[in-house]
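Participant: Single-letter residue listing:
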Amino acid sequence: MNINKKLKLLPTIALSALLLVTLQASAVQKGHLKVTSKVQKMVIVNKAGKKSYKFIPAAKVLPGEIVQYNTFFENISNKPATGINIVNPIPKHTVYLPNSANGKNTQSVFSVDGGKHYGKAGTLKVRGTDGKLYPAKPSDYTHIQWHYKGSLAPKAKQAVAFRVRLR
Amino acid sequence: MRNINTNLEKRENKMKIKIMKSVLSVAILAAMTSGVLAAGTTAGTDVDNRASIAYSVGGINQTAINSSEGGNSDPTACTGATECQTSFVVDKKVDLTVTATAGNTPIVPSGTSDHTFTLANTGNDIEYFSLSSVINDATDTFDPTNCTQTVVASSVTGSYLDPTTNTTVNSTSSPLYLAPDDTATITVSCTAPALLNPTTPLINGNTAKVSLVATAIQTAGGTAHTDSPTDTVGKDTVLADGTGSVDALRDAKHSAITTYIIATADLKVKKAPPIVTAMPAGAGAALFHIPGATIQYTIEVSNADGAEAARSLIISDTLPPEYDPATITCSVSGPAVVNTVYPIAVSGTPLAPGCTISGSTVTTGSFTLPGGVGSINTETLTITAKIL
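Heads up: the sequence lines are chains E and X, in that order.
In short: position in the first sequence from 1, add 140, done, that's the working numbering.
In short: position in the second sequence from 1, add 117, done, that's the working numbering.
Just chain X, same shape as in the assembly (with noise of 0.2 angstroms):
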């Protein structure tokens, strides 16, 4: 016998995990601490320029002459802070990003459900906005009934002076008004059909896909900004924004698509033929089905793997006249639970529904019955009753 040996080196591993700011959020906060706007100099800015020159002359020194747009030679001319300024004017650019949040969102055939999206002003111009939805896709199975859009939060602070109308307007303003850098958060509500189309249900998975259009406006209620037609030396508006999903590059808009999926029970039901399991007595093994025979049958009622849970399930079944009423029993057994305790506690037993028995007729208590996980969830009535 050989006795071996093995040693083994503890080893730890050791995980570093650096924890990393997103860049946009840092490049952005940056820019803030030092003044500037990440969208750029505000629109309308006069930026000046104006150089100096120190000479001498035989060895003497010079009074210092600064420059002008037509030429300066005289060292007495030229400055005052204000004076003979090389001068441009920073333009209007309409600019603006809209993002959807992550994730595709269940919805339930008949139901409504919403999405967040989030618009921002990434121009250098304050803007009035308007917004809309677009609900045909070529690509998706179906389409929502309706879709509203609603704006529930922006990071306006205090309220601005619409120049065009010297009125002042705030964040709860409509229709929405950001300044360059400002950014609203837009839920889109939509409603599912109850089918596919009349003869056709909708199934879990179908899609529906939706995008919320955002439009850089001129004015309150206005059309969108269009470009300058030329130059000129004051303000001109140059459109800078980007393609979304379904706009178009510097059209004053942008969008962002999100997709509705069906995610609803997907039910069955199945009744299963009744069964002899015990005889009367002195009736011998053999089971047939006469006077006396105790018979058990099942219902199943089972939510396919993955589908969301159906609330409100109620199992009824009547027996025929042939059992004897006062011989029926029933439990019920799967994993459902009563609904007012879906979804289930972490700590405590789930209550599981019972069943009652009035006349010939066998119901069990309204239940839940949660979506399999891995697997079909399925919920047992099982009855028993003798053959009279």
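One chain only, chain E, in its complex shape (with noise of 0.2 angstroms):
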């Protein structure tokens, strides 16, 4: 080939490897989902005698109240994403509250041991200072896990929460 020939190759070639290198960022930078948390303070309302409860911005949280996260996923991409397991260690300071794990189409597992083993809540044991076996109480809890049965569509969002007590 002579050298004009493949001068006039360069340009096409470098264009190339310019879009594939481009092609291979993207695919990296950017997964199929997004994942989105926030944090809201529980306050008790008293209207008339009744009380019910509502959900504000935790900016100024005290020792005893209640606090709720929620973690949101949506599907950012156009293809169905399956086996979907959200793991959320329990926030230093807080204590787990019973039965407030929850998120629809989910199945929700609890750890004791920093997240090596899950399991239902009711199952978990943790060792007592006299080297017995003892029921874990929430307050043994160190991380939650969703299980989001089935798959999520493109487009498609969903979410899980679950509330804690301040120590």
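FYI, nobody ran anything at the bench for these hints, they're computed from the structure.
There may be inaccurate statements among the hints.
Which residues of chain X face chain E? A few of them, derived with a C-beta cut under 10 angstroms, are [what the hints assert, rightly or not]:
hint, residue
1, T158
2, A168
3, Y172
4, A357
FRET-style restraints, in silico, Cβ to Cβ [stated by the list, open to error]:
hint, chain 1, residue 1, chain 2, residue 2, range
5, X, T196, E, K289, 43 to 51 angstroms
6, E, P197, X, T196, 24 to 32 angstroms
7, X, T199, E, P197, 16 to 24 angstroms
8, E, K170, X, A341, 51 to 59 angstroms
9, E, K232, X, Q335, 25 to 33 angstroms
Note that beta-carbon positions come from the ideal geometry of N, C-alpha and C, so glycine has one too.
With the hints in hand, could you dock these two chains into one complex?
Facilitator: Rendered as structure tokens:
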């Protein structure tokens, strides 16, 4: 091949190479899901002797108050996502509020050993200082895991939530 | 005759006494051993949260994505320990509890008595506290003339850095500075007036009610904490104190009340008129006040049932000149003891006070007459003499 032809090929190859690099970069930077975490504080509203609850942004939280975490997950790709598992460590300084883990179409399990093993609430055990096994209390939980059943279609958005009490 | 056989079964009553620790102390012990303050997470602490989602697409496992407050879809982002945390700040909760130790404190007119109180910092931040006494109460008999409050001990170990002045304070600093869950022991010392009013004495059972008030203050020597006016993302102040004896809900104060009760000796003195107990020889059986006749009279000092002991009592009486000083006799009887042996030791004989005669004056030794227990205690000086 004479040098002129080589020179003509060069820009095309360079351009293709550039496009390829860009495509690979996009594939690495964007996942299929967008995950948003929100924290709110639960306040008790007393209206004419009737108690109800409402949620406000958690700016000012005192020990003993209840906080709710919502994790939203949205499928921002054009392919369905399956086998979705959400893991949330119980935040430091808080205690999981029993029966508060929820989410449409999900099943939740808990860990008491730092996320190594998970089990249903009521089946978990911890070892006491006397060496004996005792049923785990919500204050022993270290992690929550939700398993989203089925698939999440493109553009679909779901959420899971749980509540804790600030120590 | 019929023999009645009675078979009495020997039954042993076994009593099981369970010793239960107070629930409060056990709860705090558990909290402490797990590294958690009973008063709650320290004010200013950041509480962080982040969730992680694993998923598959087309059957192929994808890299897990971490959550963020604004929404994250980048599997490479939000992976560092401090990245993308959804957080809030623990606010400052001002809470304190003042408790009075149980029981009324006995006090004597013009005397000073102490009562012990405890102050606990039940909030979640280190605080300065100021102390005062409130002596006005509509339901008591009298008011002390003066009360002082002194911190005699605290559970504070070591020292703290006062963040507002950047100086080190410790348990002996003034004013009082307590960390969450620390307590201080405070003595309130009150003085009773001499009389209820210029014409009325104080009597046993009269009461004075006194409250100790503790206030959580913003700085050393400063004013009470107030609620932060608006929500901010930083550390704000929230008052959470309850209502004490003389303070209101959520006013950065707490108080407790105690009763000082007059418990003094309640003495009465009775001098009986002399009676003839013997006639001189040859005068016949009938008893008359004639020269040579022996008379006897008593002086009784009594201390009421339940009253405090009266100390350093001396009964003294001078007989009129119609009685022969050389014939005077005296004796003392009753439960009183010489001052140095009161309270009475369990073993050993109590030393009864004696009496001395000088000219026509009879004087007992100085003695202590305890209050009666179920009845009045009476000490009797009996004097006899012959009529000149």
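Participant: Next, verify each hint and record whether it holds.
Facilitator: Going through the hints against the structure:
Given hint, X:T158 at the interface with chain E, holds; its Cβ is 4 angstroms from that chain's nearest Cβ, closer than 10 angstroms. Nearest Cβ of chain E to the Cβ of X:A168: about 4 angstroms, under the 10 angstroms cut. The hint holds. With a least beta-carbon distance of about 5 angstroms to chain E, the hint placing X:Y172 at the interface is held under the 10 angstroms criterion. Hint on X:A357 holds. Least Cβ distance to chain E is approximately 7 angstroms, under the 10 angstroms limit.
Between X:T196 and E:K289 the beta carbons are some 27 angstroms apart, a value that contradicts the proposed interval 43 to 51 angstroms. Separation of E:P197 from X:T196 is about 26 angstroms and conforms to the stated range, judged on CB atoms against 24 to 32 angstroms. For X:T199 and E:P197, the hinted distance range of 16 to 24 angstroms is satisfied, since their beta carbons lie about 21 angstroms from each other. Checked against the given bound of 51 to 59 angstroms, the beta carbons of E:K170 and X:A341, roughly 55 angstroms apart, stay inside it.
Checking the proposed 25 to 33 angstroms range against E:K232 and X:Q335 shows it holds: the Cβ atoms sit about 29 angstroms from each other.
The structure fails hint 5 only (numbered hints given earlier).
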